[in-house]
Amino acid sequence: MVFDFAPVITYFPTLLKGVGVGSLVAIAVALMSIIGGLVVAVISIYTKKVVSWPLRFFIWLFMTTPLLLQLYFLYFGLGEWILIPAIVVGILGLGFHYMAYNADIFIATIKSVSDGQYEASRSLGFGHWNTILYIIVPQAFIRSIPQLGNNMILMVKDTSVLSAIGVAELVYASQYAISVSFRPFEFFMVIALMYYVINILMELGQAWLERRTAYRR
Amino acid sequence: MSTEQSTDTPMVEVRNVHKRFGDLEVLKGINLTVNRGKIISIIGPSGSGKSTLLRSVNHLEVIDEGAILLDGVQVNRPDMKGLAFERHINNIRQNMGMVFQHFNLFPHLSTIDNVTLAPRKLKGMDKKTARELGMEQLERVGLAEKADVFPNWLSGGQKQRVAIARALAMKPKVMLFDEATSALDPELVEEVNRVMRSLAEEHMTMLIVTHEMSFARDVSDWALFMDGGVVVEECTPDKLFSNPDQERTRNFLQKHLGNNH
Ligand SMILES: Nc1ncnc2c1ncn2[C@@H]1O[C@H](COP(=O)(O)OP(=O)(O)OP(=O)(O)O)[C@@H](O)[C@H]1O
Ligand SMILES: [Mg+2]
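If you're matching them up, the sequences are chains A and B in order. Here the first sequence is numbered in our numbering, starting from 1 and rising by one per residue. Here the second sequence is numbered in our numbering, starting from 1001 and rising by one per residue.
Worth flagging that the hints you see were computed from the coordinates, not collected in a lab. The structure presented is a predicted model; accordingly, all values stated were derived computationally and were not measured. Beta carbons: idealized from backbone N, C-alpha and C, even for Gly. Among the clues, some could well be false.
Stated by the list, open to error - Residues from chain A shown here face chain B by an in silico Cβ test under 10 Å; the list is partial:
hint, residue
1, His128
2, Ala177
3, Arg216
Can you build the whole structure from these sequences, using the hints too?
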């Protein structure tokens, strides 16, 4: 077999655009899933059952069904009633999916903060919710960084699934180029390499963040 | 001991306090008064209810019967509910410093932030004023140079001194110590005791639960021996430690004197 990378070079700007779209989606999903996951975790731990149980059901639902099915459901299912742009559906779908996984992490780390921390804060005069805000959540967040990082690395790879609903991220962007150049192998090799680089960068970032916060745990 | 004129007015009053955990009655009608500027030590065997009593004073334990007063204001208010009680108790607690056996410093905050968080968030103090106040408190415990260090980098003794500074930063009317030195290596006990002694010299009102008999004898104005959820005997520390009236006190002291555990 003879490799021919010329089409890859020709269509490289298209691929970069795909990386751009993918990155945009990933950043939006990271923000949504981390902030949302934290809120879901706090509510599901600290509020009454009528509020927390539906949330726990939501987490369970998203963790036990495939991502692709969730995306189809949102895009084609809801598409029966309202037309939402694919990229918005993609962000929401991935966002909810990883929100559930992140909430699961936060629930564990919030519970791992010792009662002594809560009591020390209350003994200074902080109220229940202020204690959660200033003492419990920041500590839980720091403890969550390693697992959150892992989730976000998985999430970046999962942005490729959005090609199934037509979001022009990297994999989708390559499809036209492949169909006219008949060089799928070369394209997929380069795309794999691009994911690999992004992955390495994220792992470095995660390690840096962990080092920066380890002494605050 | 104190030179202040108002030392005969009560700062903390514990009146006929009962506390149960399920079927187990841990406090069986405790009465106790700490006057302004006085230091009271509580000793007693493990499980006698010392921590429960101290924690009841600032409502970390909810008592079943009786009343607790801080400077004339009732702490426990069975008549108050929900947010109203939360506001009440938060105010009360701002006037009581509590020091725990295991320090409970906030690991995500630097030493100075541990000390200034409460004044900033609860009293609305600006950052600069709070830092000055914080440095003052850290100097008081001899740790000004550790201001920007994180708790994980401190020794046990240093951690406990920061915890004391954190409590002092709220300018409490009374300090509660629950075995402040029992989790420390023996060589670190003295630095914490020294800080507590200096507070005594400043006439801080203190309620101290301790296993350190000689320290209690040294520092306190009054001493209590608790066993089985009751105050068995109370008197001056000199009398309690050298010539107690009660058989139970004598037995306890025989086991514990000379061996501070
Ligand atoms: N949250 C709780 N639930 C049930 N029982 C408890 C609880 N806290 C304390 N107890 C029980 O109450 C009794 C008194 O405990 P407390 O901690 O007040 O004793 P203590 O005098 O401080 O002992 P030590 O010297 O070991 O610290 C013990 O029998 C203990 O097991
Ligand atoms: Mg105790």
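Holds or violated: is the Cβ of Arg216 (chain A) closer than 10 Å to a Cβ in chain B? Holds, about 5 Å.
Less than 10 Å between beta-carbons is the criterion; does His128 (chain A) satisfy it with respect to chain B? Result: holds, 7 Å to nearest chain B Cβ.
Please verify that hint: Ala177 (chain A), Cβ, nearest Cβ of chain B, below 10 Å or not. 48 Å, violated
When each numbered hint is compared with the structure, a violation occurs for hint 2 only.
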